[in-house]
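Generate coordinates for the entire structure from the input sequences, incorporating the hints supplied.
Protein chains: 2
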Amino acid sequence: MGMEKSISNQDAPHSTAATTAEKKRPQRNEKGWQAEKSAMTRWSILEATIQCLLELGYANTTTALIANYAGVSRGAMMHHFPSRMTVMRAVVDYLHMLRLQEYRELMSDIDDPQRTLTHQVIRESVEAAWQYVNLPSFLAYQELLAASRTDAELRQVIEPVEKDFEKQFLDTAKAVFPHWQNLSRLEGAHDMVQFLMKGMALSHMSVRKKARAKRVMTYLTAILYDIYQEANLID
Amino acid sequence: MGMEKSISNQDAPHSTAATTAEKKRPQRNEKGWQAEKSAMTRWSILEATIQCLLELGYANTTTALIANYAGVSRGAMMHHFPSRMTVMRAVVDYLHMLRLQEYRELMSDIDDPQRTLTHQVIRESVEAAWQYVNLPSFLAYQELLAASRTDAELRQVIEPVEKDFEKQFLDTAKAVFPHWQNLSRLEGAHDMVQFLMKGMALSHMSVRKKARAKRVMTYLTAILYDIYQEANLID
DNA sequence: AGTTTAAAACCAACTTGCCTGTTTTACCCT
DNA sequence: AGGGTAAAACAGGCAAGTTGGTTTTAAACT
Numbered sequence: 001m002g003m004e005k006s007i008s009n010q011d012a013p014h015s016t017a018a019t020t021a022e023k024k025r026p027q028r029n030e031k032g033w034q035a036e037k038s039a040m041t042r043w044s045i046l047e048a049t050i051q052c053l054l055e056l057g058y059a060n061t062t063t064a065l066i067a068n069y070a071g072v073s074r075g076a077m078m079h080h081f082p083s084r085m086t087v088m089r090a091v092v093d094y095l096h097m098l099r100l101q102e103y104r105e106l107m108s109d110i111d112d113p114q115r116t117l118t119h120q121v122i123r124e125s126v127e128a129a130w131q132y133v134n135l136p137s138f139l140a141y142q143e144l145l146a147a148s149r150t151d152a153e154l155r156q157v158i159e160p161v162e163k164d165f166e167k168q169f170l171d172t173a174k175a176v177f178p179h180w181q182n183l184s185r186l187e188g189a190h191d192m193v194q195f196l197m198k199g200m201a202l203s204h205m206s207v208r209k210k211a212r213a214k215r216v217m218t219y220l221t222a223i224l225y226d227i228y229q230e231a232n233l234i235d
Numbered sequence: 001m002g003m004e005k006s007i008s009n010q011d012a013p014h015s016t017a018a019t020t021a022e023k024k025r026p027q028r029n030e031k032g033w034q035a036e037k038s039a040m041t042r043w044s045i046l047e048a049t050i051q052c053l054l055e056l057g058y059a060n061t062t063t064a065l066i067a068n069y070a071g072v073s074r075g076a077m078m079h080h081f082p083s084r085m086t087v088m089r090a091v092v093d094y095l096h097m098l099r100l101q102e103y104r105e106l107m108s109d110i111d112d113p114q115r116t117l118t119h120q121v122i123r124e125s126v127e128a129a130w131q132y133v134n135l136p137s138f139l140a141y142q143e144l145l146a147a148s149r150t151d152a153e154l155r156q157v158i159e160p161v162e163k164d165f166e167k168q169f170l171d172t173a174k175a176v177f178p179h180w181q182n183l184s185r186l187e188g189a190h191d192m193v194q195f196l197m198k199g200m201a202l203s204h205m206s207v208r209k210k211a212r213a214k215r216v217m218t219y220l221t222a223i224l225y226d227i228y229q230e231a232n233l234i235d
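From first to last, the protein sequence lines are chains A and B. Quick note on the working numbering: the first sequence kicks off at 1 and runs consecutively. Quick note on the working numbering: the second sequence kicks off at 1 and runs consecutively.
Since the hints were made in silico from the structure, they are not lab data. Don't take every hint at face value.
[To be verified] Partial list, computed: chain A residues near chain B (C-beta under 7 Å):
no. : residue
1   : Leu-56
2   : Arg-185
3   : Leu-196
We treat Cβ as the ideally placed atom computed from N, Cα and C, and that holds for glycine.
Set out below in C-alpha cells:
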C-alpha cells in the first residue's frame with residue numbers, strides 16, 4: 001500500500017501573488033535555504049492577504065482564502081502566523097513600509113532646480129498625490145483602517161502605526177519642500193492635499209472621473225500656490 | 001397579572017434607538033392599532049440597524065444583534081424582514097430619505113437676503129457641509145457604501161440609490177445658490193466641498209481636529225469665493 | 001563520510017462556536 | 001375562530017483555531 005496521500009487535494013485556483021512579483025526561487029543545497037524559503041512563504045502570504053483585502057474586503061478575507069491565494073496549505077500558513085490577527089499585524093507593518101517607500105518614490109520624481117516653488121512644481125506634486133491614493137497599497141490600507149473603526153483588536157494594532165505614518169508622511173513633505181518656511185501653513189496645505197485626495201479616492205466617482213479629478217487638482221494647485229505665496233510674504 | 005410581557009428576557013443592553021426619538025406608543029383598542037404597532041416595529045428595527053452599523057460595522061451587524069438592539073425577538077424581526085439583506089435594503093432607502101432631508105434642513109438655515117453670494121454665506125454653507133458629514137446618518141451610509149465595494153448583492157442595492165442621491169444632492173446645491181450661473185464651475189465647487197468634507201470625515205484626525213478642520217474650511221471658503229467670482233465674471 | 005537526532009516546515013482532520021434562514025409553537029386582537 | 005404577529009427551537013454551513021502526524025532540513029556525532 002503506497003498510500004500516496006500526497007495527491008494534494010488542495011485546490012489553489014489563484015496564483016495572484018505569484019504573478020505580481022515572483023521572487024527568485026531559492027536553490028536547495030544552498031546554505032540557509034530553509035530560512036530563505038521560509039521568508040518567501042511569509043512574503044507570499046502577505047501579498048496574498050493584500051490581494052484578498054483588495055478583492056474581498058477585510059471581513060471576507062478568511063485564513064483559508066489567504067492560503068489558497070498564496071498557494072500554501074492552511075496548516076503551513078498557521079505555522080507562520082498562528083492566528084488571523086497575526087497576519088493582519090504583519091500586513092499592517094508591511095504596508096506601513098511599502099506606502100512610505102512608494103510615496104517617497106513618487107515625490108522624488110519632482111525635483112525643483114530653481115529652489116523656489118513654481119506653479120508647475122506644485123501641480124506635479126498634486127498629481128503625484130493623486131497617483132499615490134490610487135495605488136493598491138493605499139486601498140488595501142484604507143480597508144484595514146476602515147475595519148479598525150469597529151474592530152478593537154485591529155485598532156490597537158493599527159493606531160500606533162497610523163500615528164507614525166502621519167508623522168513620517170508630513171516629514172517627507174517638509175523635506176520635499178524645504179523652502180516652504182512657514183510650518184503652520186505647510187501643514188495646512190498638506191491637510192488640504194491629503195483630505196481632498198482621500199475624499200476623491202474613496203468616492204469611486206461613477207461619471208466623468210478623469211475630468212472631475214483634473215478640475216479638482218487645478219483648483220487645489222491654485223489654492224496651494226496662494227498659501228505658499230502668503231506664507232513666504234509673512235516670513 | 002397584567003401579563004406585562006414587556007419584561008423582555010431579551011437582553012437589550014442598548015436602548016439607543018429608543019433614546020433618540022421614542023415614537024408615541026400606540027394605544028390598544030384604537031382603530032388600526034396593529035398596523036401602527038407593526039410600522040413602529042419596522043421603524044425601530046431600521047434605527048437599531050443603523051445603530052449597529054455605527055457601533056459594530058456592517059460585517060458584525062448580525063440579525064440577532066439588530067433584534068436585541070431593537071428590543072424584538074429574532075422571530076419577530078424575520079417576520080418583518082425575511083432576510084438580512086432585506087433589512088439592509090430598507091435601511092439604504094431609509095438613509096437615502098433621511099440624509100437628503102437632513103442636508104436640506106442644514107442648508108435651509110442659510111438664507112441669502114442680498115441675493116448675491118457673500119464670503120460669509122459661503123462660509124456658512126461650508127460649515128453646514130462639515131456638520132452634515134458628521135451626522136450619524138452619513139457615517140452609517142458610508143459604512144454600507146464601503147461594504148458594497150466587495151459585496152456584490154449590496155452593491156446592486158446601493159448603486160442606483162447612490163446615483164439618485166448624488167443627482168438630488170447636486171440639485172439641492174443648485175437650488176440653494178440660484179445666482180450661481182456657470183453650471184460647470186458650480187459642479188466643480190460642489191466636488192471640492194464634497195471630497196474635502198468626506199476626506200476629513202473619514203480621516204478621524206487624532207490630533208488638533210477642530211483647529212485643522214477650521215483651517216481647511218477657511219482655505220476652502222477662499223477658493224470657493226474665487227471660483228464664484230470668476231464664474232460670474234465670465235457670464 | 002555516513003548515520004542519528006532535533007528542529008523546522010508543512011499538511012489534513014477535527015472541534016467549537018456563531019450566523020443565517022426555516023420550522024414549529026404560542027399568542028393576541030378584532 | 002382565525003389572521004396577523006411574536007417567540008423559541010432547529011438545521012445547515014462556514015470559519016477559526018487546535019491537534020496529531022509527516023516530510024524536509026540542519027546539525028551533531030562516530
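What are the numbers of the hints the structure violates, in ascending order?
Result: hint 2 breaks, nothing else.
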